[in-house]
Each structure stands twice: as structure tokens, then as C-alpha cells.
Amino acid sequence: MFKGSAWDEDTGVTYAFKSFTRDDMNGQTGKSGKQRKQNRRKKVEKDRLHKKEVTSLSIKKERTKKGRFKSDIGKPVEKEQPAGPRIASSGSLGNKLRTNLKGSRFRYLNEQLYKASGSDGLSLFQNKPSDFEAYHEGYRHQVEQWPMNPLRKIIGEIKKLPATLIIADFGCGDAILAQSVPHKVYSIDLVSVRDDVIAADMANTPLKTGSIDVAVYCLSLMGVNLRDFLLEANRVLRKGGLLVIAEITSRFNSIDEFIRNVASCGFQLERRELSHKMFVFFRFSKHQTVAKDSAVAKSFSLKPCLYKKR
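Residue 1 is where the sequence shown starts when you use UniProt numbering, and the numbers rise one by one after that.
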């Protein structure tokens with residue numbers, strides 16, 4: 001760099017000046033470039049640290065959402081402690097015990113009915129009516145587990161028949177059939193749970209001979225004397241009257257043999273339906289009267305349906 005002065009003849013003014021060489025100019029440029037590089041490095045480092053901090057906070061928040069860790073800004077991350085074992089309340093435990101006891105009682109009563117005759121079953125519940133309610137409470141619970149309720153299908157079939165026909169529901173339970181159709185229905189079971197239910201042995205009912213148009217047995221062919229039940233149905237049905245039966249498929253060793261046994265009691269098969277996996281439905285008609293002391297009708301039974309503990 002050079003310093004100097006110059007005199008202007010026209011104005012009479014003296015000017016001072018500085019002159020920079022190429023080396024001076026390169027030096028100034030180089031100093032400015034270094035500064036910019038340093039600034040860029042600082043900015044890059046600052047951005048890197050900020051990004052790392054943001055990423056760390058995001059990971060902590062995500063872990064907190066998943067429930068693996070708990071954290072707050074400015075507080076150390078602590079691992080969540082595993083929950084202790086759940087202890088059932090006395091109320092829920094008591095309900096479970098009561099449910100198990102009811103289930104056990106139902107299974108016991110159910111087994112007794114399959115082993116007994118109609119008269120023995122009648123004595124069983126007449127001596128202790130609370131057992132009848134316990135049985136049907138357990139039965140209702142079982143029905144809720146089934147893919148279909150066979151009684152609903154029978155109700156649908158009855159509704160298609162003329163409303164003037166008279167129905168006898170053998171083993172009616174809660175008398176749902178009588179409450180669901182417009183027909184006159186005689187509801188019969190071992191214990192009368194309603195005013196309109198007749199308590200009787202299904203092999204010996206108070207119904208008049210030839211007074212019934214349709215006899216229904218929905219899952220009620222229990223016991224060891226099914227011949228006696230069906231001969232009673234034969235007695236109370238008018239000639240040409242219908243016998244409707246629904247039973248659990250697993251109870252049959254041979255469906256054809258069952259049909260022959262029913263036929264020996266004075267009935268002719270009109271239709272059988274095997275399309276349902278769990279149940280089989282039959283429709284017979286009375287074609288002749290068979291006396292109860294007849295040697296033609298042989299004694300028979302079905303396999304018991306024993307419910308497993310759940």
C-alpha cells in the first residue's frame with residue numbers, strides 16, 4: 001500500500017490518497033473467506049447439536065406413549081415398574097363360586113333325569129321344587145351357548161298351522177311355546193312354574209283321549225321309558241294328529257332305529273330334517289291307536305346328553 005498527495009491546478013486543492021497493491025487486495029479477501037468458513041462450521045455444528053437434541057426428545061416421548069418408559073423434560077428417564085398380580089375382589093370371587101355351584105347342580109340334576117323314569121322324575125322335583133328351578137336356570141344358560149334354539153324353529157312351524165288346532169307341549173319348561181303362538185296350548189311338565197302349566201308325569205297326563213291336534217317334544221324325551229311317553233301322545237292325539245320331535249343329534253345311535261321305535265307306537269314318519277349340525281327334527285302323524293299294554297311297542301331310550309363342566 002502507498003500513501004501520497006496530489007495538487008489540482010484548476011481548483012488549487014491538494015488531495016491525499018492511498019493506493020492498494022494486488023497483494024494487499026488478496027490478503028483482505030483471504031481474511032474474509034476464513035471468517036466465513038469458520039461461521040459456516042459453527043452453524044453446521046449448532047444445527048447438528050439441535051437436531052440431536054430434538055431426536056432424543058422425540059424418542060423419549062414415543063417410549064412414554066408405548067408405556068415402556070416415563071419421562072419429563074428436565075427429569076431423568078425411569079423404567080416403568082411392572083404391575084403387580086391382580087387380586088379378585090370378594091364380590092367377583094363369590095359370584096364365580098355361585099356360578100360354579102349352579103353349574104354343578106344342573107349337571108347332577110340333568111344326569112338324574114336321564115336315568116329316571118317319568119314317575120321318578122316327578123317325585124324328584126315334587127319333593128324339592130327348588131331343584132326344578134335350578135335345573136331350568138342351568139338349561140337356559142346352556143341354550144344361550146347353542147348356535148340355534150330348536151324351540152324357535154318349532155314355534156315357526158306351529159304358526160303356519162291353523163289357529164284352531166290344539167297343541168300339547170310335553171316338557172314345556174318356561175312355557176315359551178304357549179306364550180308365542182295364537183293356538184290353545186296345554187303346557188305340561190314335572191313342576192308347574194306358571195298357573196297355566198300342568199304338573200304331571202308325561203307318561204300319564206290328565207288330557208282327554210283324542211283331544212289334541214299336535215303333540216310337541218322339544219328336547220324333552222328324557223328318561224328310560226320313552227315308549228310310555230309316546231304311547232301317551234298316541235292316546236291324546238286324534239287320528240291324523242301330528243307328533244313333532246326335536247332332539248340333540250349326539251343322542252342317537254341310529255336315527256333309523258329311532259324312527260322304527262316311534263312307528264311301533266302308532267306313528268308314521270312324514271319328515272325328518274338333518275340339516276342342522278347339532279339337532280335333528282322329526283314330524284310324524286298318528287295313523288293308528290296303540291294300547292299302552294300292547295306288546296307291539298318295544299321299550300327304548302336314547303343316549304343321555306351330559307353337559308361338560310365349563
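No lab work stands behind these hints, which were simulated from the structure alone.
There may be inaccurate statements among the hints.
Straight-line alpha carbon distances no greater than 16 Å define the calculated EDC-like cross-link-like pairs of lysine to aspartate or glutamate that follow [what the hints assert, rightly or not]:
#, residue 1, residue 2
1, K153, E273
2, K292, D201
3, K298, E270
4, K239, E273
Predicted, not measured: the structure shown is a model, and the values here were computed from it.
Hint check results:
{"no.": "1", "hint": "K153 x E273", "in the structure": "holds, 12 Å"}
{"no.": "2", "hint": "K292 x D201", "in the structure": "holds, 15 Å"}
{"no.": "3", "hint": "K298 x E270", "in the structure": "violated, 21 Å"}
{"no.": "4", "hint": "K239 x E273", "in the structure": "violated, 23 Å"}
Hints 3 and 4 from the list above are not met by this structure, while the remaining hints are.
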